[in-house]
Amino acid sequence: MSTPVIEIKNLEKVYEGAVPVHAVNGINLTITEGEFTALKGPSGCGKTTLLNLLGGLDKPTSGSIEIGGVDITTLSENELIDFRLRNIGFVFQAYNLIPVLSAQENVSFIMLLQDRPKEEREARAQQLLEAVGLKGKEGQRPGQLSGGQQQRVAVARALASKPQFVLADEPTANLDSTSTANLLDIMEKLNKEEGMTFVFATHDDRVIKKARRIISIEDGKVLSDE
Amino acid sequence: MLKLAWRNIWRNKGRSMITIAAVMFCVIFAVVLRSFQVGVWEHMVDDIVANNFGYLQVHQKGFWGEQSLDLSMDEGALPVAQWQEVDGVRSVVRRLESFSLVSTGQSNRGSLVLGIEPEFELPGLQLIDQIVSGSVFEPGSDQVVVSEGLADFLKVGVGDSLLFLSQGYRGASAYGQFMVSGIAKISNPELNKQLVLMPLQTAQWMYNGMGLLTTAVIDLEPGTDYKEVKEALQPMMGEDLELLEWEELFPELIQTIEADMAGGQIFITILYFIISFVLLGTVIMMVSEREREFGILVSIGMRKTKLAFVTVLENLMLTLGGAIVGMALVKPVQFYFKDNPIDLSGQMKEAIEQFDFEPKLYTTTSFIINLNHGAIVFFIGILVSSYAVWKIMKLEPVKSMRS
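Protein chains in written order, with our numbering: chain D, 1 to 226; chain S, 1 to 403.
Just so you know, these hints were derived from the structure itself, not from any lab.
No experiment lies behind these values; they were computed from the predicted model shown.
The C-beta atom is built at its ideal place from N, Cα and C for all residues, glycine as well.
Each hint should be verified, as a subset may be incorrect.
[As the list claims (entries may be wrong)] Pairs of lysine-lysine, DSBU-like flavour, derived with a Cα cap of 30 Å:
1. S/K399 x S/K13
2. D/K59 x S/K13
3. S/K3 x S/K360
4. D/K162 x S/K3
[As the list claims (entries may be wrong)] Some chain S residues well away from chain D (every beta-carbon gap over 12 Å; in silico):
5. F29
6. D87
7. I274
8. S299
9. M393
[As the list claims (entries may be wrong)] Heads up, incomplete: computed chain D residues facing chain S, CB under 7 Å, no partners named:
10. L29
11. L51
12. L57
13. D58
14. I81
15. L85
16. F90
17. N96
18. V100
19. R116
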């Protein structure tokens, strides 16, 4: 039996307002090591909110999220930042690379925050960029790369910190079909060869087809888990 | 982090250059303004103090306050040789100073009379460079040198006679008729309007004070700290003598300098307010443009304090860059106007002379002014950076990434 990486219990997120919105409404989930999971659902169903809660970017209204045995809902702001740095990799829809840094520096940056030695940072960044098919593009800045290439740098950056899992929010939304196929192949390969756990929030059928577990979300609840 | 901050600065080259230029001009303007202000005072103090009155003076206790000849010193009783042994003391200059009504018969004016020995005097009263017509009086002669302004007022020239009427030592009448041997241009406008110089012995005779001095000026070696000399001399003064430094001799000059400096400070403060808002505008724009990026950096694990440090670093690089360039560019201007003062003319000259100031604008070359203003800009940089720090510390990653 695989080790649970994420355990979510009775998770709720309510946005207060004139009419309170239950973005996440009592979700219970367990994600185990090595999964390639897609959270699917229509826009506004709560999948991005769930991803933000899993990544410790947002605080739940109630419930708990245990990652590697640590309930991240109880951590202070700085503890959460440090926890994210060491345990979670992020891939965003809009790539979100640092524009003034080269591809290699973007990947190294997260390891710099982890205070890893320069030699290790450079070697791992090169290795990861090669793994995502960007050998020879190390010195180029995000503005000099295509959208697909930027997203591959983002994947390399997400893996650089050797996280327990990677959260990807609509990673293919801005990519053409070729770039999407390339990116998914890379992530699938990393999942299979290195056992990296991936959790996607997506409504892209191309991603959903590749996923080995598909969790459908609607109105903040889990509708199905296949 | 340094590399990241440096590259962030050049992300928006135009804005960064405008910010650097604004800081640079602010520093240049502030330093030039201050240099002229300090330079004029420095020159005036140097003229009054170093050239004419000295940094340290010894009197009979109470003389400087009462300006009475009755509080004169017996020159034979002064331990001058002992004073001259103190490090930094070049010589002790003997003077008898008092006031007198000076008359030509047609016009008269209350004047300051200084009995001096020009060959032993401070540079401003050696009279070799100051004489504009005639010559210096002979020691012990019945001759006087009149300041140019007073000579103009009294309409006297070389060879004319002047009558003196005053009160001498212990209430004796003091009067005399002396011939003008020369006219001297005294650089200090105040003195130039009222000074009469005569041989020390002649003054002692006229004021019925043979063997008396009112003032012993301590002439210092160049570069000597007068406060240190004062400290060394003080124990030798006994109970009857007072040793005053120039700030005590001319408290009104200090007050005038302070008032003028405060006036200048208002202009500079306004200038710094303007530059603070320019910098704040840059910081607000920068924070607003990069809010999303800040959210991402915090999301991927960068502590807010580290992020704040990078943004403060960026801001300090901009402000320091501008300040350093400004400090360097203004230096030649300071040196140029130190040796080539701006000669004021017309109404401005008259207005300034009314306040007894020399109508010339000098600069100071003191680098302290440049450093002070550089430091102020640096402080402003830190202050306006606090806006970025505040925004970062209250940043919510999810909201920021949506911005």
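Q) Under the criterion of a CB-CB separation shorter than 7 Å, is D/N96 in contact with chain S as hinted? A) holds (4 Å)
Q: Mind checking the CB of D/R116 against every CB in chain S and telling me if the closest is under 7 Å?
A: violated (13 Å)
Q. Are D/I81 and chain S close enough, Cβ to Cβ, to be under 7 Å, as the hint says?
A. Since the shortest Cβ distance to chain S is 5 Å, the answer is holds.
Q.
Does D/L57 hold up as a contact with chain S if the rule is Cβ-Cβ below 7 Å?
A. Check passed: Cβ of D/L57 comes within 5 Å of chain S, closer than 7 Å.
**Q.** Proposed interface contact between D/L51 and chain S, which counts if any beta carbon pair is under 7 Å
**A.** violated (10 Å)
**Q.** Least C-beta distance between S/F29 and chain D, which was stated to exceed 12 Å
**A.** holds (32 Å)
Q.
Using the nearest Cβ pair, does D/L85 come within less than 7 Å of chain S?
A. holds (3 Å)
**Q.** Straight-line alpha-carbon gap D/K162 to S/K3, limit 30 Å
**A.** holds (24 Å)
Q. Are S/K3 and S/K360 close enough, with their CA atoms no more than 30 Å apart?
A. Violated, at about 49 Å.
Q.
For the restraint on D/F90, tell me whether the closest CB of chain S is nearer than 7 Å.
A. holds (6 Å)
Q. With a cut-off of 7 Å, does the beta carbon of D/L29 approach a beta carbon of chain S closely enough for the hint to hold?
A. violated (20 Å)
Q | Status of the hint placing D/V100 at chain S (closest C-beta pair under 7 Å) | A | holds (4 Å)
Hint check: violations occur at hints 2, 3, 8, 9, 10, 11 and 19; the rest are consistent with the structure.
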